[in-house]
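Starting from the structure of chain A, add chain B where the hints point.
Here is how the chains run, residue by residue.
2 protein chains.
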Amino acid sequence: MHIKASAPGKVILFGEHSVVYGKPAIAVAVKKYAHITIKERVDLQINLEIMGLGVLASLNLEDETISCKNNRMETGILKYVLKALKLIQDKGPTKGMDILLEIEMPVGAGLGSSAAVTVATIAAANKYYETDLKLDEIAKLAHQVELEVQGAASPIDTTLSTYGGALYLGRNTNRIEKLPLNWELPLVIGHTPRESNTAELIKKVHSKMEEYPSIIYHIFKSMEQITEEARDALIEKNEKKLAELMNINHGLLDALGVNTPVLSEMVYAARETGALGSKITGAGGGGSIIAYCPVKIEEVLRKLQKIENAFKAHITYEGVCTNIKE
Amino acid sequence: MHIKASAPGKVILFGEHSVVYGKPAIAVAVKKYAHITIKERVDLQINLEIMGLGVLASLNLEDETISCKNNRMETGILKYVLKALKLIQDKGPTKGMDILLEIEMPVGAGLGSSAAVTVATIAAANKYYETDLKLDEIAKLAHQVELEVQGAASPIDTTLSTYGGALYLGRNTNRIEKLPLNWELPLVIGHTPRESNTAELIKKVHSKMEEYPSIIYHIFKSMEQITEEARDALIEKNEKKLAELMNINHGLLDALGVNTPVLSEMVYAARETGALGSKITGAGGGGSIIAYCPVKIEEVLRKLQKIENAFKAHITYEGVCTNIKE
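Chains as they are written, first to last, in the working numbering: chain A, 1 to 326; chain B, 1001 to 1326.
Keep in mind the hints are simulated off the structure, nothing from the lab.
Only true hints are included.
Computed Cβ-Cβ distance ranges for the label pairs, DEER-style: (1) A:67 / B:1211: 53 to 63 Å; (2) A:62 / B:1240: 52 to 62 Å; (3) B:1238 / A:203: 16 to 26 Å; (4) A:306 / B:1184: 37 to 47 Å; (5) B:1179 / A:305: 45 to 55 Å; (6) B:1197 / A:298: 33 to 43 Å.
Note that beta-carbon positions come from the ideal geometry of N, C-alpha and C, so glycine has one too.
Only chain A is shown next, with the shape it has when bound in the complex (with noise of 0.2 Å):
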């Protein structure tokens, strides 16, 4: 039996940053993917493979001992995985199987891979098990597998990655809304390697705001305010609005200190191409810039490829899928 699940990752469009200070955000499903293909064992052996890197991690179910051949960037993921095995079988039989674990989008750029991946796992697991989560408890095992696993998650990702769609994340993130959105949303996604992980970022942010408390205030409240403008461009597909607010944005971000000459760069360039909006995406120290493309979208992935690495990412209204081949 092969059971094949996949599921989205995520752009966050508006209210990086801020929303650590309780200000909303605005993120939507993209239509890059982790796929995650389990093929049945006989016998309580997990084998976890990355496609492309080889069998990257084993685990006996019988004498609970794992074994991990290497420590490179793609097989962090690997924990996602395992947290995610280890919560469903919680709630189900135990059954060795072979993991296949394929990923679209570049991890660790602020692109939900790791939701994704969490989401698949599951969503995989949960038809191999034959556990029958509803999706409503998929996305929460999810958030709780990055819960245990990063210490702190905010549950946006994850809820994308299970549902697809648009959310809106209220101010003191109070609600999670689902932004009646119909249209395509054409965007670039650029992504340079990162220079600094999140947690530093959101720290350097940290200290800015110490330092400079009534300045800082004064952007927080600014993207607060674009954030909500934004949702109404969103759905009022105001396109001209949307590119505004995000280029806005973007100034802002740099003022936070989390812009890099690269990023600044690609945000530039892909502006100068005919991108109507620009801006980093995430929380930047590179990472990636997300380019808002109705016109000329393929001239600026071509123009931001010459940069880095670069890609298209429409929005996806499809959550995660589950394939079950006998």
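Chain B only, in chain A's frame:
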């Protein structure tokens, strides 16, 4: 008889654009000068020459005819010379002269070239016509010249060209205060050709203000706080704080939409090469950036010169000075 007067230009350190909305600003005089040399004539002819461009305008004081040779960018500055001579002649005798104008800083780059030319012209003519104006009268007359030529003008530029030093322009421009600095403030200025003029850029920001009032309101509030804290940092010679405030301010100017790809490249190249802080200075849209370089100033200079025009520009605590050779 030869009379030579030299007046310094200026850079805005903090408060560009937000000053238009009543927020405070800080500017300093820099060691880049406009030089005016007056040579006595016995007739009533005034000839205006810009160094390297030959005689560009002639004015006959008898019949008040003016002939101009061309309308190149550099010659726009001649309006200030002619207006300054007109206003000072109202106060004293009329007498012909040959005027040679030499400008060290790029014209129309937000570096106070028109104020420096105006102040130098008035100071030289003041000696030539023996009108005996004191410094405060020179500054006042120079501001009047800028007002009449431009329609609107802050008194900051003409005050700095007259007195040198550092000025703080208070909220709602209700006071100009000389800042008690006594250190060199080593800067590199990078300069690119202007894509838009100041009036267009102010209009662009005004449109954003009208379209997104609450977003832009908070950006200006943040800029206001930056200028207030920068005032202390300058007086205390807190280099780290000064540099960080410059970097934050640059991001906010980017958010206002006055940054360009080349300015952004220069700002980041300066920081990467060793500048402690860097930002757009003046209206943006092309124009100039400043890089604050207590160390590695030569490296930053060479790096920026590879991208566009760049030069060192330390603060000067001396204003306009005049020399007479019989």
